[in-house]
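Protein chains: 2
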Amino acid sequence: MAQYKFVLDEKDLPKRWYNVLADMEPPPPPIHPATHEPVGPEALAPLFPMALIQQEVSSDRYLPIPDEVLEVYKLWRPTPLYRAHRLEKALDTTARIYYKYEGVSPAGSHKPNTAVAQAYYNKAEGVKRLTTETGAGQWGSALAMACSFFGIELKVYMVKVSYHQKPYRRVLMETWGASVVPSPSGDTNAGRGVLERDAESPGSLGIAISEAVEDAATRDDTKYSLGSVLNHVLLHQTVVGQEALPQMEMAGDYPDVVIGCVGGGSNYSGLCLPFVRERLVSGKKTRFLAAEPEACPSITRGEYAYDFGDTAETTPLLRMHTLGHSFVPPSIHAGGLRYHGMSPIISKLCADGVMEARAYHQTKVFEAAMRFARTEGIVAAPESAHAIAAVIDEALAAREAGERRVILFNLSGHGHFDLAAYDQYLTGKLEDFAYPVDKVKEAMAGIPKVG
Amino acid sequence: MAQYKFVLDEKDLPKRWYNVLADMEPPPPPIHPATHEPVGPEALAPLFPMALIQQEVSSDRYLPIPDEVLEVYKLWRPTPLYRAHRLEKALDTTARIYYKYEGVSPAGSHKPNTAVAQAYYNKAEGVKRLTTETGAGQWGSALAMACSFFGIELKVYMVKVSYHQKPYRRVLMETWGASVVPSPSGDTNAGRGVLERDAESPGSLGIAISEAVEDAATRDDTKYSLGSVLNHVLLHQTVVGQEALPQMEMAGDYPDVVIGCVGGGSNYSGLCLPFVRERLVSGKKTRFLAAEPEACPSITRGEYAYDFGDTAETTPLLRMHTLGHSFVPPSIHAGGLRYHGMSPIISKLCADGVMEARAYHQTKVFEAAMRFARTEGIVAAPESAHAIAAVIDEALAAREAGERRVILFNLSGHGHFDLAAYDQYLTGKLEDFAYPVDKVKEAMAGIPKVG
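Listed in order, the protein sequences are those of chains A and B. Anchor point for the first sequence: position 241 equals 240 in numbering that gives the first Met the number 0, and the numbering is continuous, going up by one each time. Anchor point for the second sequence: position 451 equals 450 in numbering that gives the first Met the number 0, and the numbering is continuous, going up by one each time.
So here's chain A without its partners, still in its complex pose:
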């Protein structure tokens, strides 16, 4: 009989994180918004513990995972790798489809991989309280869980549209002990500023970041934690791809194309970077395909430029694909993908032609999610369903070409807290949002001019 799952034992858990900066031409450094000089680690010290800042700028190929972090990873890692036999059959494809399933974590996504590491390093440096932002709530709930394990207080600024679309996500964070407010909130200058301009603002990750950063920067006992974009976040996620490599070997296959959804880029990086290394170092010919929302298509339509990471212009400038830091994306259900920018590492890999991107409308995304639910059983998060849409495209293209294409993707989370979106799809109420040309044009005009 066919094998569906490839599982590793706890002893096979990776003991170190993989740092792609050792193997790729590194992205240009973050720079100061006024001087345009590279910012040193000390500029980040008010926001992050020193251990994370060191990881952010490290060029070591491998960094050790502390035992305390491994002990928590064991609550759900290693995660299974699946062969999607039933989906393949439904698509009548010659392709072979594999997925790494990160939805088995208690928070339901890949996000705890970095949340646990960040909570640990903050705790180790005596931090008592953390702030963060969250979109759909995947990141906020992961950090809430991690903070509950390490005894750290947490305040989450949750993008307002998601706060109302996904009330259970809020309760989940509260169950793990976090306090949650909708963003823009009245608790910060950044939030109050947005509310003055637009009392009905649905919020965005950019705004919520400004609030969480301001809160942390203005309190001595508090630091800030980010769930995507930055190098150290992507680093922590590489346990995913490091597990997938031996699991693909168990399956007797190697991917021709590796796929993931991208918002800030962390889940996709987690899966693909160890495979990117195989391409850069060992000459493997794997393609890398990032799936993003048509409503917020930073790679496919954005500019590769220095821009702020947040709306209130409080962060250093990062060289990345951006739609402009003031851009507030339409309220798609994939809240985790509503970010104007993109991880500098992913941006650089795209700019260098190592990686490609494709954008999808949300009706097509949910159509793919329905197909997946009715074949593989798992009800995917709307974010992850972007990857499924791309996988189905690739599998159908393989059928057309008569190719035995091996596809690997990251099923980064389940959709148990996104059923309201499925309800809209099932009742024909789900809308697509066209690429908001004018709003993006306006936002792009605000991208700083860097020489």
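Derived by calculation from the structure, the hints in this document are not laboratory data. Here the structure is a predicted model, which is why all the values come from computation and not from measurement. You may find that some hints are simply not true.
Distance windows between CB atoms, simulated [to be verified]: (1) B:Ala21 / A:Glu248: 52 to 58 Å; (2) A:Ala216 / B:Gly185: 48 to 54 Å; (3) B:Lys440 / A:His163: 42 to 48 Å; (4) A:Gly445 / B:Lys10: 55 to 61 Å; (5) B:Asp91 / A:Arg403: 52 to 58 Å; (6) B:Glu399 / A:Ala216: 33 to 39 Å; (7) A:Asp197 / B:Lys363: 44 to 50 Å; (8) A:Leu425 / B:Ala444: 40 to 46 Å; (9) A:Glu195 / B:Glu399: 40 to 46 Å.
No residue lacks a Cβ here, since even glycine has one placed at the ideal position from N, Cα and C.
Add chain B to chain A, keeping to what the hints say.
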């Protein structure tokens, strides 16, 4: 470093179900309500396919699992066995706590173990449409998923209070293609009858069963499917305990006490029956402890008598612990435990002193669930949290006694669709329901008098 998870490979999936009837003194047979004569298999033929009826009355010790069922089991089985190191530490106990986690199935509970088998046998006998009832929605969503895999139409009568408490459960069933109505509904005589007497009826499993049975009995293309209570359902669940036996061996321990929550008895039976065999046949001294709600305490306060399985008195009489078939339990959040009766097998094991039971109020249950979420990470279903409450009691008793007690329990499902209940707990709005003495007395008066 300590080991947290004990995982089996797909090839270690049990290939047969274990039938405890071969090893225990069987419970008295179902009897006809009028004649009080044992009912033969033919009486069940309008409701169930012949293969399931044969399993219901089989005395073979092992029954083979069809390949088609194993192929679907592989989407999530074998499930992990966990050592709860973090909970043990929080309780400062000398006990060693293990749990089998069935929440990894796509439907989020143990229910697919039998749903898939039932859908398969119905399909094999040409059944086009199934009906069923569901309480909290765990069973309904499991059967919806199974029917989607085997191409069977499904109608679910969902207990009204749960239909409104857990809207996402309905959407989940619809995502897998089922149609769902709140019960009592206007679609059946049984439902209309209840609504005439009490338009505000919150519904109960007993009522919903009457509706689903009536629907199936009055349509030629339709059969009925039950998610608990009956012998064949318990049989299918024994994959759980059969996996746990070698997993406990991997852990180098054997349980002193095996715990589970009970509504109809299926998840607990699934885990414990293979261990019951070890006690009956090999003389192991394991204790068996069933945890039930104080609001619906069929074992601890019910009568061990012949009673109807449903409210409308359409089923044969089963000898079981019952609070009376007309009893409508208070609207606790553990909807899956709101059943007036109990599986005849579990009832007999309790009557014979092989098994004991304990009842818990829901505030204590949620207190236990919170403790579990903040140590082990997993947010448990309110049903499963009854087991956690009993586990904590046992672990604290072991500490008092200075005993190295080995505790094994079934964490039968996650609580991702039950966050409204957690919200009530967190905001201090969760109420307890006293054991409804008068209502039960009235219902018990309606238990048929059998010689």
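*For the pair A:Leu425 and B:Ala444, does the Cβ-Cβ distance stay inside 40 to 46 Å?*
holds, 45 Å
*B:Ala21 and A:Glu248, beta-carbon distance inside 52 to 58 Å?*
violated, 43 Å
*In this structure, is the beta-carbon distance linking A:Glu195 and B:Glu399 contained in 40 to 46 Å?*
violated, 60 Å
*Between A:Ala216 and B:Gly185, does the beta-carbon spacing fit 48 to 54 Å?*
About 60 Å separates the Cβ atoms of A:Ala216 and B:Gly185, which means 48 to 54 Å is violated.
*Is the distance from the Cβ of B:Glu399 to the Cβ of A:Ala216 consistent with 33 to 39 Å?*
violated, 50 Å
*Per the hint of 44 to 50 Å, is the separation of the Cβ atoms of A:Asp197 and B:Lys363 within bounds?*
holds, 47 Å
*Check the following: the C-beta atoms of A:Gly445 and B:Lys10 are separated by a distance inside 55 to 61 Å.*
This hint holds: roughly 58 Å between Cβ atoms.
_Given a hint of 52 to 58 Å, does the C-beta separation of B:Asp91 and A:Arg403 actually sit inside it?_
This hint holds: roughly 56 Å between Cβ atoms.
*Using the Cβ atoms, figure out if B:Lys440 sits within 42 to 48 Å of A:His163.*
holds, 46 Å
Violation of the numbered hints given earlier is confined to hints 1, 2, 6 and 9; the remaining hints are satisfied by the structure.
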